[in-house]
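Visitor: Top to bottom, those sequences are chains A and B.
In this text, residue positions in the first sequence follow the numbering used here: the first is 1, and each later residue adds one.
In this text, residue positions in the second sequence follow the numbering used here: the first is 1001, and each later residue adds one.
Incorrect hints may appear among the rest.
[Unchecked claim] Residues from chain B that keep clear of chain A, each with C-beta distances beyond 12 Å, as calculated:
id	residue
1	Lys1017
2	Val1052
3	Phe1061
4	Gly1081
5	Arg1088
6	Leu1147
7	Glu1156
8	Ile1240
[Said to hold, decoys possible] Taking lysine-lysine pairs in the DSS-like style, the calculated list, with each CA pair at most 30 Å apart, reads:
id	chain 1	residue 1	chain 2	residue 2
9	B	Lys1145	A	Lys93
10	B	Lys1234	A	Lys187
11	B	Lys1112	A	Lys188
12	B	Lys1017	A	Lys93
13	B	Lys1106	A	Lys93
14	A	Lys93	B	Lys1091
[To be verified] In silico negatives: residues of chain B with every beta carbon more than 12 Å from chain A:
id	residue
15	Ala1014
16	Glu1074
17	Pro1089
18	Ala1162
19	Gly1176
In short, the hints are calculated from the structure, not lab data.
Just so it is clear, CB atoms sit at the ideal spot from N, CA and C, and this is done for glycine as well.
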Amino acid sequence: MAGSTGEPMIGTYHIVVGILLGIYIVLALSLNIITGYTGQPSLGHAAFFGIGAYSSAILSTRYHLSFWVAFPLSGFFTAIVGSMMGVLSLRVKEDFLAITTIGINFVVVAIFLYSDFFGGAFGIGGIPAPIFFGYKFTKPAYLVFVTGLVLLTILISSILLRSWLGLALEAIREDEFAAETMGIDTKKFKIVAFTIGTGLAGLAGSIYAHFMTFISPGDFSFPLSITIISMIVIGGIGTIRGAILGAIILGLAPEIFRPILEYRSLLYGGLLVLMMRFQPNGLLGHESFLLRRISLIRKQSVEWMKKGSGNDAYT
Amino acid sequence: MPILETTKLSKHFAGLKALNEVDLKVERGEILGIIGPNGAGKTTLFNTITSVYRPTAGQVFFQGKPIHHLRPFEVAQRGIGRTFQITRPFKNLSVWKNILVAYGYKRYLSLKHVFGRYQREENNQEVLRLLQQVGLEEYKEVPAKNLPLGLQKRLEIARALALNPVLLMLDEPCAGLGHEESQELVNLIRNVRAQGKTIMMVEHNMTVAMGLCDRMVVLSYGSKIAEGRPEEIKSDPKVIEAYLGKEEEIA
């Protein structure tokens, strides 16, 4: 990434980091729907990010479709593949599902890598920038677009959390068997969760491909899946605020710790162990240390204000 | 017409006849007790009726219609609510949300309603009424996992009632409870019946079962060995044999 050249690139560098952070937030929030809300472990989310990216890349470079057509199509296509993984989750459960999703990640990357259709190891280059009413996307435009996608994902996540559908997904997470006994079609709802979650990851992939202009199989490999799941675990699984915080922390980490790049995995591992030991629900998850502090401060300030107004009433 | 009827209902697990041609009828408004020694097939009967298991042979009719080919969620939608022998609350959800999950059962079927908000005044009132009925209103915000067993059992009953069921199936509601807690639960079950619900329950505690049930079905090794009013069951030699063994063997 830019920034180390010493030229006045600070602005651009920040915009690039912002765009990537936005993409990470969408990935974390979308996995949160599958793993956080519905409780279906997925360690292959990067595969769907990749399917979206490759779909968009192929549609726009080979079939010369406009970004505005390729973008929704790639989300749609990824959602279809994702719903198939949802069908799979009806057969394999819990730890076995986690392992199966790892396998899916490797298979998808291998298909990208070994098939000429997907450009093999060289990937696909020359992915055109979106054109908006004759105006070719520049970095700030990407940032605006990605921000819009982040807002859309937050909107979908919060609608889900407050809806009967979200309640049903939470019930499935807590106890699938009991949920079925309460009149919930658990099979259908699990597939729905996978479809929505992977579809959003596909959209993130599409914009990523156009922004990078060049993608290769390595961009969507298993370590990225681990990073995405680490984001929601560290931030607070099942919550919107947690997924966003986790994506920001782990998204910025490579920038901040660039000098000790070699030891990054060590750092992440250590971080995860510490989280499991001291904050198993994540930094902003339920009953977390930070959240308790915030609510304490809020309570104190409310009391303080009350006291103030009470004195006013007496004087 | 009986509310529920099974005809020659069988469930085999790799040669083990967990249920063997069981015929039974549950009449409207009664409390039917299912009793029998350990391993008699009581819970298997519950799971087969609620479609958790597919029957090996035989049929289940609910309100005159066959239900043995349905999925468990469809059985719940038709009006059978159940509880579990080992409680299965939605552990990390609050008591209030636990009830709400079941209360929303109709919304899960329509695309129009499933995206609607669940936090609405009319829903809250209905959930509160159910919580009051089982005496859990002060635990509304507590995560279900933090409730003691006795209250978890009540929560499960309230959750099953939220489905507005025609038939309520209770799998050992008093198992693991102390004397007083059992008594309270018995009162609750009577209360529920007084509202016009039909109840089918498995119960191990004989005093509880005898005091509560209108009729009983006795299972042993998967087969029905007796059926009748509690006082008839108490003196049935076949039942005594199933529980205590044959007299000659003892002597």
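Visitor: Take the hints in turn and mark each one as holding or not.
Guide: Structure-based check of each hint:
1. A cut-off of 12 Å between C-beta atoms confirms that B:Lys1017 is not in contact with chain A; the least separation is 24 Å.
2. With a least CB separation of 8 Å from chain A, B:Val1052 falls inside the 12 Å interface cut-off, contrary to its annotation.
3. In this structure B:Phe1061 is separated from chain A by more than 12 Å, as the shortest Cβ-Cβ distance comes to about 20 Å.
4. A beta-carbon of chain A comes within 12 Å of the beta-carbon of B:Gly1081; the shortest separation is about 8 Å.
5. Listed as outside the interface, B:Arg1088 is inconsistent with that label: its C-beta sits roughly 4 Å from the nearest C-beta of chain A, within the 12 Å cut-off.
6. At roughly 14 Å, the least C-beta separation between B:Leu1147 and chain A is larger than 12 Å, which holds for a residue marked as non-interface.
7. Remark: the non-interface label on B:Glu1156 conflicts with the geometry, its nearest Cβ contact in chain A lying 9 Å away (cut-off 12 Å).
8. Here B:Ile1240 stays apart from chain A, with its beta-carbon at least about 35 Å from theirs, past the 12 Å limit.
9. With a CA separation close to 23 Å, the supplied pair B:Lys1145 and A:Lys93 stays within the 30 Å bound.
10. Of the pairs offered as hints, the one joining B:Lys1234 and A:Lys187 is violated, with about 45 Å between alpha carbons and a cut-off of 30 Å exceeded.
11. With a CA separation close to 16 Å, the supplied pair B:Lys1112 and A:Lys188 stays within the 30 Å bound.
12. The straight-line distance between the Cα atoms of B:Lys1017 and A:Lys93 is roughly 28 Å, inside the 30 Å bound, and the hint therefore holds.
13. Between B:Lys1106 and A:Lys93 the alpha-carbon distance is near 27 Å, which keeps this suggested pair within the 30 Å criterion.
14. Taken as a hint, the A:Lys93 and B:Lys1091 pair is honoured in the structure, with Cα atoms around 19 Å apart against an allowance of 30 Å.
15. Every CB of chain A is more than 12 Å from the CB of B:Ala1014 (nearest about 21 Å), matching its label as outside the interface.
16. Some Cβ of chain A comes within 12 Å of the Cβ of B:Glu1074; the nearest lies about 8 Å off, and the non-interface call is violated.
17. Remark: the non-interface label on B:Pro1089 conflicts with the geometry, its nearest Cβ contact in chain A lying 7 Å away (cut-off 12 Å).
18. B:Ala1162, annotated as away from the interface, has a beta carbon of chain A within 12 Å; the closest lies near 8 Å.
19. No beta-carbon of chain A comes within 12 Å of the beta-carbon of B:Gly1176; the shortest separation is about 18 Å.
In terms of the numbered hints stated before, the structure departs from hints 2, 4, 5, 7, 10, 16, 17, 18, listed from lowest to highest.
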